[in-house]
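Asker: What follows is the residue order along each chain.
Protein chains: 2
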Amino acid sequence: MPVLHYQDAPVQVPAEGIERRLVHTAKLLTAVLDFSNGPQTEPDPMHSHPHEQTSYVAKGEILFFMEGEEPQHLKEGDLFFVPSGKKHCIQLLSKTARLVDSFSPVREDFL
Amino acid sequence: MPVLHYQDAPVQVPAEGIERRLVHTAKLLTAVLDFSNGPQTEPDPMHSHPHEQTSYVAKGEILFFMEGEEPQHLKEGDLFFVPSGKKHCIQLLSKTARLVDSFSPVREDFL
Numbered sequence: 000m001p002v003l004h005y006q007d008a009p010v011q012v013p014a015e016g017i018e019r020r021l022v023h024t025a026k027l028l029t030a031v032l033d034f035s036n037g038p039q040t041e042p043d044p045m046h047s048h049p050h051e052q053t054s055y056v057a058k059g060e061i062l063f064f065m066e067g068e069e070p071q072h073l074k075e076g077d078l079f080f081v082p083s084g085k086k087h088c089i090q091l092l093s094k095t096a097r098l099v100d101s102f103s104p105v106r107e108d109f110l
Numbered sequence: 000m001p002v003l004h005y006q007d008a009p010v011q012v013p014a015e016g017i018e019r020r021l022v023h024t025a026k027l028l029t030a031v032l033d034f035s036n037g038p039q040t041e042p043d044p045m046h047s048h049p050h051e052q053t054s055y056v057a058k059g060e061i062l063f064f065m066e067g068e069e070p071q072h073l074k075e076g077d078l079f080f081v082p083s084g085k086k087h088c089i090q091l092l093s094k095t096a097r098l099v100d101s102f103s104p105v106r107e108d109f110l
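Protein chains in written order, with numbering that gives the first Met the number 0: chain A, 0 to 110; chain B, 0 to 110.
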């Protein structure tokens, strides 16, 4: 079935306070990330991956950091994007938040 | 700047009652689609594209149709995906809805 109903979806817990639900095609993966570990007093460690990324802020507020850029305050409806290999991270400003992260190619490490 | 603040974003109007805001990298494009033309009494015409697609239902309720599949009733938090070339369409069940559509490769026709 080419759909994922949130309430029935398998839940991954990549770290405490984070739930991940995902769908993918051959070259595209989209994950709903639910954070309940905010607000955070400092950013997560910077990380990078060869996969290109776009992210939609579905709920909550975050700071988005990317190497060479000023920190960006994002809230519901806002988007960010990450070219291949660019170091980036987020910091939660709200107690909870939801990001919808898309990656190409597929994050095989998420499957 | 690797972000798009919703309130400042350029707005495309691909059809009456639809607003589109987007970001993209080299091979990945994500568009926020705001629909205000619902509810609809019948589905949009089926269409297809070589681009793979994933979609997140950020607001509202829709029916999702794809060739060879039963119609799916989706609401906030749910996802669907479309392999390359598969015919699909939606029907709005609510007055307004927001979908977050991701495509790989980039939808050059959206730029």
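One thing to keep in mind: the hints can contain errors.
Put simply, identical chains are the same to the list, so a pair is met inside one copy or across any two.
For lysine to aspartate or glutamate, the following DMTMM-like pairs were computed, each having C-alpha atoms within a straight-line distance of at most 20 Å [as the list claims (entries may be wrong)]:
#1 58 to 33
#2 94 to 18
#3 74 to 7
#4 85 to 108
#5 74 to 33
#6 26 to 107
#7 26 to 41
#8 85 to 75
#9 58 to 75
Please keep in mind that the hints were generated in silico from the structure rather than gathered at the bench.
Asker: Could you run down the list of hints and mark each one as holding or not?
Answerer: Verification of the supplied hints:
1. Taking the shortest alpha-carbon separations for residue 58 and residue 33, both the intra-copy value of 9 Å and the inter-copy value of 16 Å come in at or below 20 Å.
2. Only within a single protomer do residue 94 and residue 18 lie at most 20 Å apart by alpha-carbon distance; the minimum there is 14 Å, versus 30 Å between protomers.
3. For the homomeric pair residue 74 and residue 7, the shortest alpha-carbon distance between copies (13 Å) is at most 20 Å, but the shortest distance inside one copy (27 Å) is not.
4. For the homomeric pair residue 85 and residue 108, the shortest alpha-carbon distance inside one copy (18 Å) is at most 20 Å, but the shortest distance between copies (27 Å) is not.
5. For the identical chains of this complex, residue 74 and residue 33 are neighbours both inside a copy (14 Å) and across copies (17 Å), given an alpha-carbon limit of 20 Å.
6. For the homomeric pair residue 26 and residue 107, the shortest alpha-carbon distances inside one copy (10 Å) and between copies (17 Å) are both at most 20 Å.
7. Taking CA atoms no more than 20 Å apart as the test, residue 26 paired with residue 41 passes in neither setting, with 33 Å inside one copy and 31 Å between copies.
8. Taking the shortest alpha-carbon separations for residue 85 and residue 75, neither the intra-copy value of 23 Å nor the inter-copy value of 31 Å comes in at or below 20 Å.
9. Within a single copy, residue 58 and residue 75 get their C-alpha atoms as close as 5 Å, and across copies as close as 12 Å, so both meet the 20 Å cut-off.
Hint check: violations occur at hints 7, 8; the rest are consistent with the structure.
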